[in-house]
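Chain B with the ligands: place on chain A using the hints.
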Amino acid sequence: MSVLIIAEHDNKSLKPATLNAVTAATQIDADVHLLVAGFECQTVVEQAAAVAGVTKVMVADNAVYEHQLAENVSKLVVEIASGYGHILASATTTGKNTLPRVAALLDVAQLSDVIKVESPDTFVRPIYAGNAIATVKTTDAVKMMTIRSTGFDAAVTEGGSAEREVLSQVIASDRSRFVKEQLAESDRPELTAANVIISGGRGMGNGDNFKLLEGVADKLGAAIGASRAAVDAGFVPNDLQVGQTGKTVAPDLYIAVGISGAIQHLAGMKDSKVIVAINKDEDAPIFQVADYGLVADLFEAVPELENSL
Amino acid sequence: MKILVSVKRVIDYNVKVRVKTDHTAVDLTNVKMSMNPFCEIAVEEAIRLKEKGVASEVVVVSVGSKTCHETLRTALALGADRAIQVDTEDGLDSLSVAKLLAKVAQEEAPDLIIMGKQAIDSDNNQTGQMVAALLDYPQATFASEVVVESGDAQATNEIKVTREIDGGLQTLAITLPAVVTTDLRLNEPRFASLPNIMKAKKKPLDVKTPADLGVDIGSNISIVSVTPPPQRAGGIKVGSVAELVDKLKNEAKVVS
Ligand SMILES: Cc1cc2nc3c(=O)[nH]c(=O)nc-3n(C[C@H](O)[C@H](O)[C@H](O)COP(=O)(O)OP(=O)(O)OC[C@H]3O[C@@H](n4cnc5c(N)ncnc54)[C@H](O)[C@@H]3O)c2cc1C
Ligand SMILES: Nc1ncnc2c1ncn2[C@@H]1O[C@H](COP(=O)(O)O)[C@@H](O)[C@H]1O
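Sequence order for the protein chains is A and B. Per this note's numbering, the very first residue in the first sequence carries number 1; after that it's consecutive. Per this note's numbering, the very first residue in the second sequence carries number 1; after that it's consecutive.
Okay, chain A solo, but in the shape it has when bound (with noise of 0.2 Å):
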């Protein structure tokens, strides 16, 4: 049976996570649905149809679907739902939001953070803040899960050509109402796509010193995350934080400044391919996970670092 998707996107373009969806899908069955349910979504459209492995995309173009509310696109997913033996989100806020509403009005569970199809009713997901790696069967008529992007390869976003029908379904959400949105413009690349990292935490002391951790990413085309300590104190804003409860990355390389690794932490970066930490205290528990462990001052180690790249 086919594995339908719903794909994450802002009405302009399609975001990394689906392609790292769609891989996951395409070990599940070969015929992989995307829905694109937006407003003046075309790009979308076309970017979805263009992805290696996708046979069909669906579009749902219409202002009620603008802000992509759970309310609707759940009702939508379930219109729709019939012939899917397996449906799937990312991993992200909006999955995360979305998909666990389609599972309860399906009457069926959900998987969450699955981060390998070991066969089409087995799957494998991290619990207790990945310190336990739990493998689950279910027979499910349905299968819902939301998928990790660290989980699986990105699908080539070119070379498909898939089918597309027009889905003509409009589902208000007449009690929740969209007000406003303050997103964070970066020119850098998105954390949970990002090659390399740079992180920081309460070490770092303030928001300004961010900066210093800004020249170094400037160098290394890096993304700059942090903990949640760092976010709590206010020095940066909640997007950036890494861990259990915030994004979960695995780039080329981390490196984590003033983080002390609190399990938590490490739960959101631990798969990363190496890990480089800079803490002035040689105990600190994330020098554990680190393949390079840099016992020092970060304000003079990083600026040095800066400056020998």
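These are computed hints drawn from the structure, not numbers from a lab. Note that the Cβ used here is the ideal one computed from N, Cα and C, for glycine as well.
Covered stretches of chain A (in silico footprint by chain B; criterion: 3 or more residues with CB under 8 Å from a CB of chain B, positions within the stretch not fixed):
# : stretch
1 : 181 to 192
2 : 245 to 254
3 : 283 to 296
4 : 300 to 307
Relative to the frame of chain A, chain B with the ligands by itself:
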């Protein structure tokens, strides 16, 4: 306004988790258990709304074995008015929990349901959304601010919630009754004082069963295995920034 808050008893967030040697589950014997941190934030938010005079009653509910009375008493000590235990085995899947909570909500008819965004044991992040769907209520997940403009809200029955989303912050206006799930920045939970812990022992705690609520619980999900995560091979300490850069360029080859 009446508020229903759901609280889950979970392993304390400071405990180092160990997987059982037979790889069937995580070992919870003699492990410190606490209220799920996101549920603490949910209780705190409800209590603050009560202190502001917006809420008139705060009811807390937990689904699980009798051990969750401890968690419910903690919520009562923090200021909730009464508690409900839905008596089940521990470890039900989210859909079953959501069905039970939705039934409790139908009986209690709260204006607002506040839940944690995520339980730190299952890491599911789905129960609140499921409760909202089952009740056909609007939802505002991952809340970092809940604004009830009293005069206005009474007229429109609407609250404004700021949500932490991947790109930044989003604000929604949702019509009550509704479900809100909490994120870390919503508030800083207080600690229960000793006198309040004593007083909490006298507050009402009702017990209901799934049968009382008319809910059939079951699951189509079975655990095949629970294993420890792959361990990272130990790394090295470098003596200087120069050595670090050299290793990154020539050994790890992640910097050119
Ligand atoms: C429910 C829950 C969810 C959570 N989710 C997350 C999450 O998703 N992500 C997350 O990160 N955390 C999360 N946490 C918080 C986590 O437990 C830690 O509190 C947090 O990660 C600590 O951040 P930190 O390492 O920046 O701060 P600290 O632990 O205070 O560490 C600061 C470090 O900086 C070092 N330092 C200070 N000054 C300098 C200097 N001049 N030079 C070099 N080093 C210096 C210190 O030696 C120390 O190791 C969560 C906690 C809970 C309860
Ligand atoms: N057994 C339970 N009893 C009460 N509330 C629960 C239970 N399980 C989950 N919840 C609520 O749902 C939230 C999200 O949990 P989850 O979807 O499992 O990550 C928690 O923070 C609780 O508020």
